[in-house]
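As given, the protein sequences belong to chains X and F, one line each in that order. Position in the first sequence counted from 1, then plus 7, gives you my numbering. Position in the second sequence counted from 1, then plus 15, gives you my numbering.
Just so you know, the hints here were simulated from the structure itself, not pulled from any lab data. A portion of the hints provided could be inaccurate.
Claimed, not checked - Computed Cβ-Cβ distance ranges for the label pairs, DEER-style:
#	chain 1	residue 1	chain 2	residue 2	range
1	F	Gly98	X	His135	24 to 34 angstroms
2	F	Gly81	X	Asp90	29 to 39 angstroms
3	X	Asp90	F	Gly98	53 to 63 angstroms
4	X	Gly101	F	Arg101	27 to 37 angstroms
To be verified - Not the full set, but computed from the structure, chain X residues with beta-carbon under 7 angstroms of chain F:
#	residue
5	Ala24
6	Ile128
7	Asp152
8	Arg155
9	Glu159
10	Asp162
This one's a predicted model, so the numbers in the text were calculated from it and none came from an experiment. All C-beta atoms, glycine included, are put in the ideal place defined by N, C-alpha and C.
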Amino acid sequence: MEELALHLLDLYENSRAAGARCIWVNIDEDTTEDRLTVMVDDDGPGMDEQMRASVADAFVTTRKTRRVGLGLPLLAQACEQSDGYLKVTAAPRGGTRVVAVFQHSHVDRPPLGDMGGTLAIIVATNPHLDLVYHHCYNGQECVFDTRRMREELDDLPINHPQVVKWVRDTYRTSIQDLRGGEI
Amino acid sequence: MKSLEELREIKDRVKEDIRVRQGQDEARIVVGMGTCGIAAGARDALESILDELNKRRLKAVVTQTGCVGICSREPLVDVFMPGQPRVTYGEVSPSRARQIVAQHVANGNVISEWALNVSESREE
Ligand SMILES: Nc1ncnc2c1ncn2[C@@H]1O[C@H](COP(=O)(O)OP(=O)(O)O)[C@@H](O)[C@H]1O
Ligand SMILES: [Mg+2]
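This is chain X alone, in the form it adopts within the complex (with noise of 0.2 angstroms):
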């Protein structure tokens, strides 16, 4: 996987093929500590402690048999090859939290990506769940919440042709803003 957009999208598919209705993420860049985080929380069911563990250490253990998952195992690895690691924790609110922390500098930490073209794709093929992203570059922050564009839109879908082409547009700009032109 290419750019953390795309495990993002692999990380929603999880939370929504587990039966979440909203999904946080968390985007957390910190350059003077040399460090971005990754933290998806959502409201489905959990994983058993069992469950998580083995997710967790999927990737150094079970790389054989084929009945693990794909998606954890590999975010874990590019965690790993950029000095972080991955974690699968309860989240607060119930459900599930993954934390993927990285070293921001580090040549082997996967660029951002299209955030706005995975923000887009989760509206538009979503509209009956609720994201709330809110994306922190030293100190600044850009914050995408499918609850305030219900808001404004009334009776309108979010997954509106018009509106997921403003999604993509207005968010690959203001992300590229916020870090300052990096993608």
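Starting from the known structure of chain X, fit chain F with the ligands onto it as the hints suggest.
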């Protein structure tokens, strides 16, 4: 959140913008968004599908699904036209995605060359 007033403008502008084909059920398009699908380019395929639908002012329900076990043929796209059996397309690049909308969704012409055999596609 930035420029929420732009959303209000969109709302006023598009109220009756999209041509709805009256009395007809909508087409349904399902894109595989499991890890293998995403890694193979499903996001870009989906973006092309949305763009082509938009350009042609076609209405369709587009949803995502997880891994269905045909990872080697990802990205996978299912097309359900009203009253027709499902057609599953494999290795859907952005340009294939546009063709699928232009030929199959817009005009009902299945592109058999890119469709998986019935035996390859999954059970419902
Ligand atoms: N947000 C979540 N809520 C509940 N269960 C989850 C969540 N994320 C992952 N899981 C469980 O962990 C398993 C492994 O996830 P993953 O590595 O992404 O592989 P896959 O999605 O292909 O199964 C999933 O099959 C699911 O059972
Ligand atoms: Mg997964």
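For each hint, the structure was consulted:
1. F/Gly98 to X/His135: 24 to 34 angstroms: Cβ of F/Gly98 to Cβ of X/His135: about 25 angstroms, so the range 24 to 34 angstroms holds.
2. F/Gly81 to X/Asp90: 29 to 39 angstroms: Holds: the Cβ-Cβ distance is about 31 angstroms, inside 29 to 39 angstroms.
3. X/Asp90 to F/Gly98: 53 to 63 angstroms: 56 angstroms, holds
4. X/Gly101 to F/Arg101: 27 to 37 angstroms: The hinted range 27 to 37 angstroms holds for X/Gly101 and F/Arg101, with Cβ atoms some 35 angstroms apart.
5. Ala24: 5 angstroms, holds
6. Ile128: This hint holds: X/Ile128 lies near chain F, its Cβ roughly 5 angstroms from the closest one there, short of 7 angstroms.
7. Asp152: At about 6 angstroms, which falls below the 7 angstroms cut-off, the nearest Cβ of chain F leaves the hint on X/Asp152 intact, so it holds.
8. Arg155: 5 angstroms, holds
9. Glu159: 4 angstroms, holds
10. Asp162: 9 angstroms, violated
Checked against the numbered hints above, the structure breaks only hint 10 and satisfies the rest.
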